[in-house]
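J.: Given only the sequences and the hints, what does the whole structure look like? Please build it.
Protein chains: 2
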Amino acid sequence: MAQYIGIDLGGTNIATGLVSESGEILHKVSLPTGAGRGTEEILQDMVRSVHLCLEQTHLTTEDITCLGVGVPGAVDDSIGMVLRTSNLNWCQLPLTQILQERTNLPVRLANDADCAALGEVIAGSASNYDSAALLTLGTGIGSGFIVDKQVFTGWTGGGTEVGHIPMVYGGEPCGCGNRGCFEAYASATALIRQTKRAMAANPGSMLWQIAPTTDVVNAKTPFDAAQMGDSVALAVLDQYMEYLAFGIGGIVNLLRPQVIILGGGVSNQGENLLVPLRVKVAKYCYASKLIDPPQLVKATLGNDAGIIGAAMLGLNP
Amino acid sequence: MAQYIGIDLGGTNIATGLVSESGEILHKVSLPTGAGRGTEEILQDMVRSVHLCLEQTHLTTEDITCLGVGVPGAVDDSIGMVLRTSNLNWCQLPLTQILQERTNLPVRLANDADCAALGEVIAGSASNYDSAALLTLGTGIGSGFIVDKQVFTGWTGGGTEVGHIPMVYGGEPCGCGNRGCFEAYASATALIRQTKRAMAANPGSMLWQIAPTTDVVNAKTPFDAAQMGDSVALAVLDQYMEYLAFGIGGIVNLLRPQVIILGGGVSNQGENLLVPLRVKVAKYCYASKLIDPPQLVKATLGNDAGIIGAAMLGLNP
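Residue numbers (the numbering used here), protein chains in the order written: chain H, 1 to 317; chain X, 1 to 317.
Keep in mind the hints are simulated off the structure, nothing from the lab.
You may find that some hints are simply not true.
Put simply, identical chains are the same to the list, so a pair is met inside one copy or across any two.
Said to hold, decoys possible - In silico DSBU-like pairs for lysine-lysine, Cα to Cα no more than 35 angstroms straight-line:
# : residue 1 : residue 2
1 : K28       : K220
2 : K196      : K298
3 : K283      : K298
T.: What follows is the structure in structure tokens.
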């Protein structure tokens, strides 16, 4: 049985796992990234995590088919290059060559959200499907698209940036420097902002019982208040899901994936989110009476998705 | 040399052509569609146009590799079915089987905008590229996407509907029943509406010299007034191009095509449109400093694109 190693390189941890060819994590090692450190120190710990993983499982590099790395930024796997990361401040780093020389393993790179999507398609919520879109509703909206169980990075590479498709021309400012992008309306950050605004406008809302100060509002706050029947929270969520559905509808109208996987903090609401969202998404899918809208599911692998997907990059050498 | 026949089935004409394998039209036949007629009469004229094309070129069916048909609606080529057309009122019509039986030719189907895109990639403005997005800025926004010189109809089929990606949540009503779709802001129809509104608000604008009544406003009107230096027309066009660029940016951020081809009435403005648009598109392409925005070109084949693309469906049997 072929075995793979995947590294999910995050801003906080270098999470490394030994993964079976069916996508099961057999062993896991985690080292702190120390994102403020120099590149060389982080590289050394990435290599160390691979060696630790091998030592602790009594394996050698000869037992491993491939080392895959999920990078929080833009990569070009065809030339083995990390183009840019935001957290780590890497730019034009030939990561494949560096890791190949230091581990003697074949190396594959992908964006971390693409890895998470691949993990969910190989071993998670979308394992019955070949084509999928993963949207992670977090600080922004990350995305990973999978076609024929392989990462899709756009027709000229560079990766998919679903957070920066249109939502409201000229609308809310976005971290990318433009205005009105999808993630400025449908990320967890956007939901928190929308909740705070509703609280400011509605001093009597039960939202204030759950979050006595707006500092403690998180993406769960409006869902908790909605459970209590608070009409302000219900209206916030209805509007938030409308934005989310409008964006998902646009993705469907262009790409027609078999399944949309939602990850990130907001997705933890599960069916509380998905039941109303399915109705709204159908409304925005063109010709939904002729062509069934895609399935809408919750990501199930959590943080493991990134490790599994990174390792599974080795399935298609 | 293999030869192909393509039918561009329009609301007005059944345009049929004999096409070489390099995408050159060798002979053309046109019959009126008579869209109000029954399906059987239209089918008979489609077959007649094929036979006329053969007779007039002294060929027989044995000289033809494939008959391709561009249909103004949704098709599923894998089952040979026209799912629905709007103009012709066809629904679930097994067009492939019907035409195969009556012409003795292998038959391929595609949406007409997909055919136009394929035509431009095989023999037109995008012949140096493998992946392209064609946007036709007309009554709505039609779209055709080509990957590896083949029609892309989404990962589960059904076709791409770029006119119905988001632009302004809750905005202008769209023909699809929703609000705020791309085509409600960036089609020729939308430009005409934006021009008329600006005229109503600005009685002194030179737009009134070009169009003495709003009934005669067309997509050329604001460009003509802008040429005269009219500030109202310049503002209308600047805003229109902003919408168009925001939508194109979204497509780029998701799909990264090598080239964007603009067709339809508005595209006749050529570089008057493209020069300012390129600047605006770059602004909306994520990481445009790292990843060059795609080329932006004008469709060059006009109505022939549909015939050529339909015929060229036969290149990939």
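J.: Could you work out which earlier hints the structure fails to respect and list their numbers in ascending sequence?
T.: none
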